[in-house]
Amino acid sequence: MTTMDKKAEDLRVVGTRPVRPDGADKVTGRARFGDDIHLNNMLHGKMLRSPHAHAVIKSIDTSKAEAMPGVRAVICGKDFPVIEHKMVAQGEAGLADMRDISDNCMAKDKVLYDGHAVAAVAADNPHVAEEAVKLIEVEYELLPPLMNVRASMADDAPQVHEHSFPGAFIAPTEAHIANASRIHMANGDIEKGFAEADHIVEREFNTETYHQGYIESHITTVDWDSNDNLTLWTSTQGQFEIRDNLADVLEIPIGNVKVIPMEVGGAFGGKDRIYLDPVAALLSKKAAQPVKMAMRRDEVIRATGPSPGAHIKVKMGVKADGTIIAADYHLAYEAGAYAGGPIFLGVVSSTSRYNIPNLQVNGFDVIVNKPKTRPYRAPGAPQALFAVEQVIDELASLIDMDPVDFRIKNLTRSGDILLPGFPLAPLDTEALLQSVKAHPHYTAPLEGENRGRGVSYTMWFNLGAITSARLSVNPDGTVHMSSSNPDMSGTRMTLAMQAAEALGIDVAEFSANVPDSDSIGFAMPTVGSRTTYSTGIVVIEAAAEVLAEMSKRAAMIWEVEPDSVSVADGVFSSGDKSITFKELAHRMLDTGGPITVHKTGSPQSFIPAVAAHIVDVEVDVETGKVEILRYTAFQDVGKAVHPDYVEGQIQGSVVQGIGMALNEEYFYDDEGRLKNASLLDYRMPTSLDVPMIEAVILESPNPAHPYGVRGCGEISIIPPASALANAIHDAVGVRMDSMPMSPHKVCAAINNKS
Amino acid sequence: MSKRHHVTTTINGEESDFLCEPRQSLLEVLRDVLKLTGAKEGCNDGNCGACSVLVDGVLVDSCCVLGVEAEGKQIDTIEGMAVNGELHPLQKAFLEETGMQCGICTPGFLMSSKALLEKNPQPDEAEIRHWLAGNLCRCTGYDKIIRAVQRAANEMAGEKV
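Line by line, the protein sequences give chains A and B. In this text, residue positions in the first sequence follow the working numbering: the first is 486, and each later residue adds one. In this text, residue positions in the second sequence follow the working numbering: the first is 318, and each later residue adds one.
None of these hints come from the bench; they were simulated from the model. Mixed in with the good hints there might be a few duds.
[To be verified] Straight-line alpha carbon distances no greater than 25 Å define the calculated SDA-like cross-link-like pairs of lysine to any residue that follow:
| # | chain 1 | residue 1 | chain 2 | residue 2 |
| --- | --- | --- | --- | --- |
| 1 | B | Lys409 | A | His1214 |
| 2 | A | Lys563 | A | His523 |
| 3 | A | Lys549 | A | Gly500 |
| 4 | B | Lys409 | B | Pro438 |
| 5 | B | Lys320 | A | His523 |
| 6 | A | Lys798 | A | His1214 |
| 7 | B | Lys409 | A | Gly500 |
| 8 | A | Lys549 | B | Lys409 |
| 9 | B | Lys352 | A | Glu622 |
On a predicted model such as this, the values are computed, not experimentally measured, just so you know.
In isolation and in its complexed conformation, chain B is listed as follows (with noise of 0.2 Å):
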């Protein structure tokens, strides 16, 4: 077993510190050491999305981060996006939308579109496929995704009038 190192970062907010092997992925870190089991494991090399996170803003696939490499960074994930348990507009969107079937890509899909508004807050149809492409789910066929996130947006313009 290598040396583990003793890392420094922000988690949805807080100030957290873990110690980890250098070869822990991000996603590693968080769901073994940390217990934050909402980023989900679905291929472990980039191409489903399931693992989706913020790093310092930025939308990445937690599983190709290193865990080392969130020292003094700001990561956010899918356990800090309701606030004080009031649901995200698009946690909401994606109930009442039913934007979901079993739910394993669900955290992702939410980290995706949530950096996908904070960039771009009022998306057409075409757009949102296009930031989503990143995300896999195997279970609605995107239709009530793209709608959930849509509906989302317009609520969010709604509440900044």
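Pulled out of the complex, with its shape left as it was, chain A reads as follows (with noise of 0.2 Å):
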């Protein structure tokens, strides 16, 4: 690890490397997951999916199942309340279509992808509910399938849904044509700029479904009372989103349901939704027994995730002094089975890092007979990027210039207006691209044949958004920390050691969790890189307000002004009196009482972040595999407040990233069957398929988060494919338009070329 642009700091806690609290846990096998809960009583509940992708559900008989000793509940779709078309806010997603979501937990008249669920049994054990759901008849009415974009807005494509509403991941989208709505955005003048400009690079990509493959399946545990309280107990990244849409699902009320959020086993974006959730709970209130319902490895694969194959169409314009004079985008995601896929952050990602003053995107968000995509770490960015850092580095070898340099020349920087309208907040992006450049790998020389190197350029942004947190002061000058985002790799300590340095106390002082849904104000789930950086902000803001209220404190024990209290690190005094933070805290209860801030915040949302990645491969002419020989990775993280936690989001990142670029892929067959829904044949990157992964952190500061931090989550999971296929491109000479870039592709690319 190499920290860079290490500027003075008096900070004592942010920065260093404490050891986490949930970690002994962890090591010793007692966290508690999702699937670790055992109630008194407890059904197991089993799905029955469609093994078909596109068909009219005819009729379902249950009556074999229900008649099965042991089996204690079954449903179907017609268990369901009816719900209408409702838009509702939903989280990360912006605006979600109830309906569109109560259908994908369980169909009502038709399926619409291999993997759809359609009927779920509760019984003693999971084998028995197992061996019930194949009980279960069901007929159906073939429909042909959709199963890629250009399939599904051919003229002649049977239109998926009878009544098609726009999605709205972040921003909607507008109607267009029935099976894809769309997102336009343009400015200049698109054909004076190609008119000016000296060479013009034209390139068409497609890009394969691929999935989040978090390690633990989804898993939720139902109990629906005998009052009608619903408690659930589940893997989520936001127990909020959970309640609220199980509620709007089931048309109970919301304070009919607390969810319990338990240790998430990987998320990355895929564990923001009910899936299971309000299959179990009507389960559960049928049989009157809880129930829990677990997704086998296959189910998480075909219902569940996945993030958008793409059609992409490339034009650049660049001329001879290295402008980027044009360039013209055509962007088509699948969203799935239901409008909303993650269209929107693919024309803000593919747009936002270069000034070109003219420029033209058109995204379609389109519906495929496949699951309803959801969010994956930098979602939309990585199928985007994959076509354009390509086509750079083709333009920069056209112009012959330093590809780096030619990045450098087109940046955008601190106050451009980006093409959605806004300005692009505080950060140093040339600094990033510099510190690639006087890095040895970027000059290290590379000797042998079939070796080539890539480089790749990327920006995201963080979102703030509605969060909370609690800290209650305790007689021994110990704190209890509450945030209310789900921990999914170590937060609960990076917003500790954030309370800690505002608090001017010792991290070791604290003890951290994330409550139930009762328990703590509402926040969004977290997803877009935003639960270190936004909730910082807010545990910050309440540690500020714990100071104030002991300050007062003081100044009553002394009886002195509380204007005359000041603090600093730990110790309040007021002339030539002084006492500690724990002192004080032992006088809490005679001075007033309990000392417990609860804060809720919204802090701002698009803070930029920049990462930029060299990498080094050896392609085998002979197999088309590419071995992967050294990989950096620079990344801008504002301030980074636990280095070891930051370097680990940015080396896992790159490493799923290289997993979808060389491998991940799902296989459908003619008649949309998902053909490889095993971890075996889903492959995702081993310990054999990756190098160390050198991570280089850059600390611009974030102005609006006291310590300047940005966050760090997402953003390296988006350079790595088109690294990849640059160096490809070095190596062997071939580009490479389809991703993943398996050995059969590159293969075949290399035999294309000769």
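Quick one: dock chain against chain with the hints and give me the complex.
Okay, here's the thing in structure tokens:
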């Protein structure tokens, strides 16, 4: 690890590397994940899923399943309330159609993808439930499946939804054609721009559907009690989104639902929505017993996530001096079976990092007969960048310019107006790329046949959004910190570190937890690289109120004006009097009672971050296998609260990016049935597939956060695909127009060249 | 429901017995019958390694072993790795090197790493990567896990001197 651009700081806690509070339970097997709940009298639920990609449900006969000994409840679509089209504000996703969410949890009239849920059984044990599921008889009338965006957008394509409504992931799309809605953004004069170009490159790309791949599957346990109160123990990124989704879909009061977030065994965007929860709830209601439901791995792959496949066309024009003068992007992204995929973020991420005076983007959110796409770490960005950053590389080589210098020449900088109309908030984009050029990796000799080096550069944004936290001072001077966002990789620690910094005490004095939805204020889920940044701000504000209240207590004890009390590094003082945080905490109960501060806030969104990667590869020209020889990832994180965790976020993102770039894809047959729904055939990177990943942390402070923190959880998944594609080109002289760049495609590209 | 079998075994050094159906995997028995939930289910078909345990010292995916096969065997699970409250050097190293993020794969990686160091106390990076290729981690990119195993190996070698 190299920490660059280290400024003179007097931070005591932020920037250090304490051991996380949840760590000991995770290395001893004691941490409680979703599947580690066992309730008295608990049943196990299993789902019947559609074997067809697109079909009308003619009839469902559950009588044989109901008659099986040990079966306690059976439900299907007709047991759900009938929900009309209703757009509701939902977490990261902006607006979502509650009818679609309900139908995705269980099909009513039609199944829309292989694996779509159609009925469910609760039984005394999971084996009986699985046997009973097989006794349910469903009659289908098959419809032709639409398995990619071009098929769905064809003139003669059948309409998937009788009434189609545009989606609204972050920003709404507008109605366009039957199976696709659209976002159009433009500036300048696109035709004039291309007329001024000295070189024009026009390329077309395809990317396949891939999955978040969390190791823990979707698991929920629901107890619908005799007073119609529901308690859920579930693995989720957002206890409030699960609560509110569930209440909307089941048409019950939010006040009747309590969601207890368990440890999350990986999510990456894919665990912010209900799937099993309303099904387990209805089974629990019917059986009058608690019900646990856990997906098998094949169900996770067939029916949750994934990240969209895409069809992308890129046309860019450059002047001989290296100015990008015009660009035209066509981004058609799979939405999955229901509208609302991440197309808006594809549009934003593909247009934000270079100043292009004449720029046009047409983005399409396309219905296909695949599971509803869900966000996956920087959703929508890797697909677009795979295309655009390869064309950037090609343009640089056409005008014989160093690819990093070419990017520097065209960079957006703080204050520049981005295509959606907002200015780029402060960050040092050039410093990042200069650090790439200055790093020994960039100029290291690369000897040997079929070896090449590629670079890629990207920009991404942090969400702010509603968040809540509470600090409670205990009489012994320790502090309870509750934060509203489920901790996916160490945020209890990074938030406690910020609170400790602000209070002037040691982080070891904290116990940090993520309460259930009854026990803390509302928050959007843990998404969009937001928790350490956004909840961090709220925690720091809460700490300031704690200190103000404690200063009053000190003033009361000393009989001085509260304004005369100052506090620094955990010591309160006024004149010649002083008292430590801990001593003052001892006096809390006899100076006015407990000190607890609950804060809610909605910090600014669209905080930018940048990353650039260098990768060296060797291509086996016989097999097409790409071996990664060296990888260096540069990322501006504003301020690294816990540098080990930041490195971990960068390294994990890179390896996920490598997986999608080289191997991971959904294989469907002609009938739309998924053929690789296992972790053997859905090929995620193992420890053997990747080298050590050098993480270079840059810190250009974020003025919207008191310590300069930017989110760091997503961005480094974006550059690997394009950096690898550029490295493959450098190694063997072929341009890869299809992701993943699996061995057979690399081989074919090499053979086509010669 | 099929008839349950009575199985006598040793788990983490202590004699134990349980009743299980022939179709129940060792993983299911550990988690649902014995309530030892440290071994995790990630795939239930032997591809992710989250359920790794040792059977008579041999590293196995407990989802691919039947509960009845535990008869007369010595089973070691993550619950037995810390002795008298003292963390194993591997557990300490995973904490100190942050060789984990979400933690769901961690018990499996620790059991696999323990089996590796018992067989090869000083593995190089390539040997560690090869041995751990049966355990999937989606969070860390493996870098810090490999470093944690190297650190534990060095510390254990130091203790022996």
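Verification of the supplied hints:
1. B:Lys409 - A:His1214: 43 Å, violated
2. A:Lys563 - A:His523: 29 Å, violated
3. A:Lys549 - A:Gly500: Violated, at about 62 Å.
4. B:Lys409 - B:Pro438: This hinted pair holds, its Cα atoms lying about 17 Å apart.
5. B:Lys320 - A:His523: 23 Å, holds
6. A:Lys798 - A:His1214: Within the cut-off at roughly 19 Å; holds.
7. B:Lys409 - A:Gly500: Roughly 21 Å separates the two Cα atoms, so the pair holds.
8. A:Lys549 - B:Lys409: 53 Å, violated
9. B:Lys352 - A:Glu622: Distance ~35 Å between Lys352 of chain B and Glu622 of chain A Cα, so the pair is violated.
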